[in-house]
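Starting from the structure of chain R, add chain Z where the hints point.
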Amino acid sequence: ETGVTQTPRHLVMGMTNKKSLKCEQHLGHNAMYWYKQSAKKPLELMFVYSLEERVENNSVPSRFSPECPNSSHLFLHLHTLQPEDSALYLCASSQDPRLHTEAFFGQGTRLTVV
Amino acid sequence: AQSVAQPEDQVNVAEGNPLTVKCTYSVSGNPYLFWYVQYPNRGLQFLLKYITGDNLVKGSYGFEAEFNKSQTSFHLKKPSALVSDSALYFCAVRDDSSASKIIFGSGTRLSIRP
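From first to last, the protein sequence lines are chains R and Z. Position in the first sequence (first residue = 1) + 124 = our numbering. Position in the second sequence (first residue = 1) + 710 = our numbering.
Looking at chain R on its own, in the form it has when it is part of the complex:
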């Protein structure tokens, strides 16, 4: 275990549903990330929070909405998704990004949009 926990591990949702992915870290890190992993594509950085403030947003569609209520928790709220949004969603955390430390990843949420 890396100290980063994601729930649920698997999620199947319809295109009209609203759901949320949760990520929790107990490592004392102050940066958290959402990545999308699709087959045969590079990991796509979606959002970065540092000290609970969003510092990166890589032109992700508005149907994905992140929330970082504190340095230990990160959510990804999902609504009106498309089938092409089906992927493995990975959460990660690291110490202050300016220290250039490595990120620790959760096991991911396998999302299927039907």
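Pairs of lysine-lysine residues, derived as BS3-like cross-links and limited to a Cα-Cα distance of at most 27 Å, are as follows: (1) R:160 / Z:759; (2) Z:811 / R:160; (3) Z:779 / Z:811; (4) R:164 / Z:811; (5) R:165 / Z:759; (6) R:164 / R:143; (7) R:165 / Z:732; (8) Z:811 / R:146; (9) Z:732 / R:160; (10) Z:787 / Z:811; (11) Z:732 / Z:811; (12) Z:759 / Z:732; (13) Z:779 / Z:732; (14) Z:787 / Z:759; (15) R:165 / Z:787; (16) R:164 / Z:759; (17) Z:732 / R:164; (18) Z:787 / R:164; (19) R:160 / R:142; (20) Z:779 / Z:768; (21) Z:768 / Z:811; (22) Z:811 / R:165.
Calculated directly from the structure, the hints in this document are not laboratory data. All values reported here derive from a predicted model rather than from experimental measurement.
Using the frame of chain R, we list chain Z on its own:
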């Protein structure tokens, strides 16, 4: 902007032979380089990193990587491959200009045959 290239989708090696997984990068500032491994249905696990100092860095499970500034490369190596090394390997980079971003390559699937 940062970028990472892993030119090989797949690398096949016989057990006991040396292995190399290639990675090249492009950054505008100083590079901070990482290797991660992903086993099926799992998140990414950190293997090793180059921040500064010796160009040859050693990491987990007997892996090492060599930073080559002139060739902008950071190839992953192991002197003697094990069947259990079979997995998906990702190279990643941060740089000074955008420390909050960790950008990943597309991954290389390493297959070790007995």
